[in-house]
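2 protein chains.
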Amino acid sequence: MRETVNIQVDLGARSYPITIGAGILGSIGARVASLGGSHRVGVVTDSTVRGLYADDVLRSLRAASLDPALVEVADGEESKSLASLSFLYDRFLEAGLDRRSTVIALGGGVIGDLAGFAAATFLRGVPFIQVPTTLLAQVDSSVGGKTGVNLPQGKNLVGAFYQPRLVWIDVLTLTTLPQRQVRAGLAEVIKYGAILSAELFEYLERSLDRLLGLEDEALVNVVGDCCRLKASVVSEDERESGLRAILNFGHTLGHALEQMTDYRRYLHGEAVAVGMVFAARLSAERGLCPVDVATRIERLVERAGLPSRLPGGLSADSLLRAVGADKKIQDGKVRFVGLQSIGKTCFVDLAGAEILHHAEAASVAA
Amino acid sequence: MRETVNIQVDLGARSYPITIGAGILGSIGARVASLGGSHRVGVVTDSTVRGLYADDVLRSLRAASLDPALVEVADGEESKSLASLSFLYDRFLEAGLDRRSTVIALGGGVIGDLAGFAAATFLRGVPFIQVPTTLLAQVDSSVGGKTGVNLPQGKNLVGAFYQPRLVWIDVLTLTTLPQRQVRAGLAEVIKYGAILSAELFEYLERSLDRLLGLEDEALVNVVGDCCRLKASVVSEDERESGLRAILNFGHTLGHALEQMTDYRRYLHGEAVAVGMVFAARLSAERGLCPVDVATRIERLVERAGLPSRLPGGLSADSLLRAVGADKKIQDGKVRFVGLQSIGKTCFVDLAGAEILHHAEAASVAA
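Residue numbers (this note's numbering), protein chains in the order written: chain A, 11 to 376; chain B, 11 to 376.
Be careful, since some hints might not be right.
Repeated chains share a single entry, so a pair holds when one copy, or any two copies, can fit it.
Straight-line alpha carbon distances no greater than 20 Å define the calculated SDA-like cross-link-like pairs of lysine to any residue that follow [as the list claims (entries may be wrong)]:
{"no.": "1", "residue 1": "K165", "residue 2": "S96"}
{"no.": "2", "residue 1": "K165", "residue 2": "L92"}
{"no.": "3", "residue 1": "K165", "residue 2": "L103"}
{"no.": "4", "residue 1": "K165", "residue 2": "G135"}
{"no.": "5", "residue 1": "K354", "residue 2": "I256"}
{"no.": "6", "residue 1": "K343", "residue 2": "R110"}
{"no.": "7", "residue 1": "K165", "residue 2": "L133"}
{"no.": "8", "residue 1": "K165", "residue 2": "Q269"}
{"no.": "9", "residue 1": "K165", "residue 2": "D100"}
{"no.": "10", "residue 1": "K165", "residue 2": "E104"}
{"no.": "11", "residue 1": "K343", "residue 2": "F357"}
{"no.": "12", "residue 1": "K165", "residue 2": "D108"}
{"no.": "13", "residue 1": "K343", "residue 2": "D108"}
{"no.": "14", "residue 1": "K165", "residue 2": "R101"}
{"no.": "15", "residue 1": "K343", "residue 2": "D359"}
{"no.": "16", "residue 1": "K354", "residue 2": "G322"}
{"no.": "17", "residue 1": "K165", "residue 2": "G106"}
{"no.": "18", "residue 1": "K343", "residue 2": "P27"}
{"no.": "19", "residue 1": "K165", "residue 2": "R110"}
{"no.": "20", "residue 1": "K343", "residue 2": "G362"}
{"no.": "21", "residue 1": "K343", "residue 2": "R296"}
Because the hints were derived from the structure by calculation, they are not lab data.
Bound-form chain A, shown alone (with noise of 0.2 Å):
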């Protein structure tokens, strides 16, 4: 193994600590037996998942004398639902899990929201700890604590804050993650040197390409600074209620486009990469920052494979319901995470006319 980096994120009671490393999976098993608990154990992961990583992970828990129940569900956005809940509670249940028996989520963003919020619930709470395996999930959805499952209405209407024991983090499982997923998970990576680090940003544009080329030490350096920053930011205002709006750089309009396109078009990085572009131009628009900063969020943008204009043809009326709907309407105005600089967040509130000229600005026809 070489070496490790290891992250704390400060939330008093609920502090945990967060490992990333290159080849580290199959060295979890200790680890979580040094936490405690109980020996039986449940794994969660979804089908692709299972083939690749989890005979690794249950390796080395037995290795650990831990006792690993595997819960396996579909792959893919539809198992964050109540049912696949439903379903985890009565694998538990079947596998004996107690109050202090851990449940480790392997997999990408839905299998850590899902396994998490099972975590959260189950028994009124359970030990839990994140083991994600995309590069979404790596720098944004298992740090934070959010967990939760969809409706049928909408995303992520269902949930809970819960925070892990722990986050272990191999950079190697991105190998085998598809290339696209790989450029989606790099929109998250530029949006936390755009809101929060010039310096991050500056080692992007340098070493994309190693990035790209899913280079050990590159990722884990990366990736640790983004876990840093993200951690900095959920120390600071756990349960969203201020601070951690500016994570939302790029999602105002990015989550209106998933929306629009019924989840189907974009994946949910390649949307945030819209949304980012277009709120550095905005930004740059109402000369809250410099022209310059517009231009490197998307010129990086565009060096990483990602879409940055929005699509043409997309109607006024559903883009404005899409962006309303987004719950971040203040007075009549929809707000927007801006720029003054890289690595320096504003907020712009624009009225519904206001959004429809920067979008027609920022749209491929433009």
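Model the placement of chain B on the given structure of chain A, informed by the hints.
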């Protein structure tokens, strides 16, 4: 409105007040409005309580410029299910509740547990208010933050610790409660005296008839005392890691009795009454407390019209299984909460044979 009693549950950022009075139900609107939040609120109740008290509550909320949506579930324990939870989410969305909308539980323990868990998880948590209308809910389940639902495999297997913003108790709602339920609620009242307060216990010995006669002043006093006692325990041990276990006095055997009789023969408080007398006699027989302690508890339980003995004809096997399934096993023994004196608890660990010995001595045939 007569004088009210106000108690603060001290849980740091999650602290909240309990207000107890006679005839205060129709004044809830102004109090809810004073907590802030959005105008749209959800009121969850059952079919029985709806007919009795929903109008008063809705009128008071509307008079305070709030916009309540009433959500009704069927009467009874069957409503504490994942299906009801899903139903509540749908109704909340239909009613347009948002992250700042308060959910009010108007009813007994089933409604409080169900609506509380829905509030804990809808949009990852919205403000929650308990308006308990049964004695059991007023002195026990509405205070402490335990919420949840049952699974077919067992009770309370899914849930969350989620504190309300306010508990609003009108003892006049007890006038419409069936007498049997009043008596069952008194079992938990007796429990607080037995484990935490000789003063309360003596008051009950003096004033039981006034309580059974539902005299306002006695009810406000006693409900206030119980809430104060439970609040102090909960403040020290929010998530049931230690001290809170003393609240299980009478519950180890009580739960077993409920389970063995399919939750049909005993109301919860009735089973707890049998369990308390069992635990007190057990304590006396083991020399942990004077015999007089057990005698006083037995006498008060019987004066309250509650059962004090185990039914004859219980199978030893099923009793042991039911007690063992209570998740309180330590090193092969089952832990009971016992008494050293009125107001002072201790733990008693019993092996299977000892449990059967004491159970035989405490059954109706003895």
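Status of each hint after checking the structure:
1. In this homomeric assembly, K165 and S96 come within 20 Å of each other (Cα to Cα) both inside a single copy, at 18 Å, and across copies, at 15 Å.
2. Within a single copy, K165 and L92 get their C-alpha atoms as close as 12 Å, and across copies as close as 19 Å, so both meet the 20 Å cut-off.
3. When the C-alpha separation of K165 and L103 is checked against a cutoff of 20 Å, the pair qualifies only between copies, where the shortest distance is 12 Å, while the shortest distance within a copy is 27 Å.
4. Taking the closest pair of Cα atoms, K165 and G135 come within 20 Å of each other only across two copies (15 Å); inside a single copy the shortest separation is 22 Å, beyond that limit.
5. Within a single copy, K354 and I256 get their C-alpha atoms as close as 10 Å, which meets the 20 Å cut-off; across copies the closest is 52 Å, which misses it.
6. Taking the shortest Cα distances, K343 and R110 sit within 20 Å of each other only across copies (18 Å), while inside one copy they are farther apart (47 Å).
7. Only between protomers do K165 and L133 lie at most 20 Å apart by alpha-carbon distance; the minimum there is 10 Å, versus 25 Å within a single protomer.
8. With identical chains, the CA atoms of K165 and Q269 are at most 20 Å apart within one copy only, with a shortest distance of 10 Å there and 38 Å across copies.
9. In the homo-oligomer, the alpha carbons of K165 and D100 lie at most 20 Å apart only across protomers (13 Å), although the nearest pairing inside one protomer, at 23 Å, exceeds that limit.
10. In this homomeric assembly, K165 and E104 come within 20 Å of each other (Cα to Cα) only across copies, at 15 Å, whereas the closest approach inside a single copy is 29 Å.
11. When the C-alpha separation of K343 and F357 is checked against a cutoff of 20 Å, the pair qualifies only within one copy, where the shortest distance is 12 Å, while the shortest distance between copies is 60 Å.
12. Proximity of K165 to D108 under the C-alpha cut-off of 20 Å is restricted to the inter-copy arrangement: shortest distance 14 Å between copies versus 30 Å within a copy.
13. For the homomeric pair K343 and D108, the shortest alpha-carbon distance between copies (17 Å) is at most 20 Å, but the shortest distance inside one copy (48 Å) is not.
14. Proximity of K165 and R101 under a CA criterion of 20 Å is satisfied inter-copy only: 16 Å between copies versus 24 Å inside one chain copy.
15. For the homomeric pair K343 and D359, the shortest alpha-carbon distance inside one copy (6 Å) is at most 20 Å, but the shortest distance between copies (63 Å) is not.
16. Proximity of K354 and G322 under a CA criterion of 20 Å is satisfied in neither setting, with 30 Å inside one chain copy and 74 Å between copies.
17. In this assembly of identical chains, K165 and G106 lie within 20 Å of each other by CA distance solely across copies; the values are 16 Å between and 31 Å within a copy.
18. Taking CA atoms no more than 20 Å apart as the test, K343 paired with P27 passes in neither setting, with 39 Å inside one copy and 36 Å between copies.
19. Within a single copy, K165 and R110 get their C-alpha atoms only as close as 30 Å, which misses the 20 Å cut-off; across copies the closest is 18 Å, which meets it.
20. Proximity of K343 to G362 under the C-alpha cut-off of 20 Å is restricted to the intra-copy arrangement: shortest distance 7 Å within a copy versus 67 Å between copies.
21. Taking the shortest alpha-carbon separations for K343 and R296, only the intra-copy value of 16 Å comes in at or below 20 Å, while the best inter-copy value is 71 Å.
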